[in-house]
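Spelled out from the first residue to the last, the chains are:
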Amino acid sequence: MRRLWPPVVLLAGAVGLWELVVRATQTPDYLFPAPTSVASSLVDDAGVLGRATLVTVREIVLGYLLAVVVAVGMAVILHFSAALRRALLPILVLSQTVPTVLLAPILAIVLGYGIEPKLIVVAIVCFFPIVVNAVDGLRSADPELVRMMRTLHGTRLAIFRRVELPGALPAIFSGARVAATYAAVGAVFGEWAGSSAGLGFVILQAQPALDTARIFAAVLVLSALALVLYALVTLTERLVVPWQPEARRA
Amino acid sequence: MVHLVVEPKVASGVGVSLEGVVRTFGGKPVLDGVDVIVPAAGRVGIVGRSGAGKSTLLSLVAGLDDPDGGEINVGGAARAKDRLARCALMPQRDCLLPWRTALDNAALALENAGIRRREARRRAAPLFARLGLAGAEQLRPAKLSGGMRQRVAFLRTLLTGKAVLLLDEPFGALDAITRAELQEWLGAVLAAEPKTVLLVTHDVEEALLLCDRVLVLADGRVAAELEVDVRRGGAPRRELVTSQAFLELRERALEAIG
Numbered sequence: 182m183r184r185l186w187p188p189v190v191l192l193a194g195a196v197g198l199w200e201l202v203v204r205a206t207q208t209p210d211y212l213f214p215a216p217t218s219v220a221s222s223l224v225d226d227a228g229v230l231g232r233a234t235l236v237t238v239r240e241i242v243l244g245y246l247l248a249v250v251v252a253v254g255m256a257v258i259l260h261f262s263a264a265l266r267r268a269l270l271p272i273l274v275l276s277q278t279v280p281t282v283l284l285a286p287i288l289a290i291v292l293g294y295g296i297e298p299k300l301i302v303v304a305i306v307c308f309f310p311i312v313v314n315a316v317d318g319l320r321s322a323d324p325e326l327v328r329m330m331r332t333l334h335g336t337r338l339a340i341f342r343r344v345e346l347p348g349a350l351p352a353i354f355s356g357a358r359v360a361a362t363y364a365a366v367g368a369v370f371g372e373w374a375g376s377s378a379g380l381g382f383v384i385l386q387a388q389p390a391l392d393t394a395r396i397f398a399a400v401l402v403l404s405a406l407a408l409v410l411y412a413l414v415t416l417t418e419r420l421v422v423p424w425q426p427e428a429r430r431a
Numbered sequence: 004m005v006h007l008v009v010e011p012k013v014a015s016g017v018g019v020s021l022e023g024v025v026r027t028f029g030g031k032p033v034l035d036g037v038d039v040i041v042p043a044a045g046r047v048g049i050v051g052r053s054g055a056g057k058s059t060l061l062s063l064v065a066g067l068d069d070p071d072g073g074e075i076n077v078g079g080a081a082r083a084k085d086r087l088a089r090c091a092l093m094p095q096r097d098c099l100l101p102w103r104t105a106l107d108n109a110a111l112a113l114e115n116a117g118i119r120r121r122e123a124r125r126r127a128a129p130l131f132a133r134l135g136l137a138g139a140e141q142l143r144p145a146k147l148s149g150g151m152r153q154r155v156a157f158l159r160t161l162l163t164g165k166a167v168l169l170l171d172e173p174f175g176a177l178d179a180i181t182r183a184e185l186q187e188w189l190g191a192v193l194a195a196e197p198k199t200v201l202l203v204t205h206d207v208e209e210a211l212l213l214c215d216r217v218l219v220l221a222d223g224r225v226a227a228e229l230e231v232d233v234r235r236g237g238a239p240r241r242e243l244v245t246s247q248a249f250l251e252l253r254e255r256a257l258e259a260i261g
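So the sequence lines, in the order shown, correspond to chains D and Z. For the first sequence, the numbering used here gives the first residue as 182, with consecutive numbering after it. For the second sequence, the numbering used here gives the first residue as 4, with consecutive numbering after it.
It is worth saying that the hints were derived from the structure and are not from the lab. One or more hints might be untrue.
Said to hold, decoys possible - Heads up, incomplete: computed chain Z residues facing chain D, CB under 8 Å, no partners named:
id	residue
1	96
2	142
3	145
Every residue gets a Cβ at the ideal spot worked out from N, C-alpha and C, and that includes glycine.
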């Protein structure tokens, strides 16, 4: 808890300064709302934001889980097949150069306005860091442990289950934690490409109305969602990887 | 005699034999015609300087590697795959899996043999008390001392149930006091549970304390062969290591190491 203080104090200071500057310069709310305006929007628009949050949370969670499952599955396949790894890994890296912002509208055209294209956008955004870390983690198993398993008459599958996979979990989780911070952005991209609900949709609607305070409020909720997902992943890691020395704590 | 392991394989006549074994790395012979015979239930120690080929020899016997010349036989098996199946190797580093408790680490070989985890634990558990590890069962390796870790690693090797144990510098990473403790401990365990043992170490004293015969490996060949006739049984370690006969053997070994 003590580690939380420095960023909290810094953030509070920044918000205070922001409020001060906006009031001193008498900047209108539609240009740059003061923190108090954002806060009152959070309260006044609680109903709209709440409903939108439920929609976006669903997209984030389902899309994220989809990414984890596919990425870990893919990593295992790549781990077992050197040929596939050589063929697919460069393509995966290449695929990252395609901007998701452009992919989202195409998915919306192909898959319609339902939740599916949003899930896929979230999954695509989150997929890469997980798969790359998982492949690395699986491949960096301690060769002496693998040798030990061979002398204890372990099959290839036993070596995977008992040495490589548990050994790769910390790497998989660090990929998953990075991905957790991307998921909310992915959901917004997905909603911008075509939707009728969600926090991204709220932002789209507030923009022409010059309701900037509401945009800020929606962004605030999105950040909070990303933070909660990150915290959940970190918590899961502590439960699943209890042998990790308490060295790294984000 | 109390058998500690639930399913001991009765040692057949021959334990381990090497005949004219040659292994070269990059054109340089590390082993250059090595002959070793370990009778069933016998214990042979191999000493030598670092880089004398001790670990190479053990890898060959364990079936992790094939010689460039000569023949290796482990319990009647000559092919690498069959050698691997007939012996258990305890590596230099304890190689305990950090995500497993001491008990689950010890039971690893049983699980590898297809025994379900619960049953594997049930079989491994009684050994903890008998081998001075009571209370450590549920601890992860990070919580164990160096000596405890080596005991668990040895237990894991023992629980393979194989008649041939290959020990590669088993106590090399320990401090002198713990090392002496574990040498006595291992001597007692092996007295209760006779195994064919091939022990590789750079510690001449350790080899003399634990083995019936000690070979000195130098320049890729067996430079000396010492029968350890000062019996280990009975006499306390301190008395033994300071006895005239022991010191003479030690002197001869050190001389051969060069």
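Hints violated by the structure (numbers, ascending): 2
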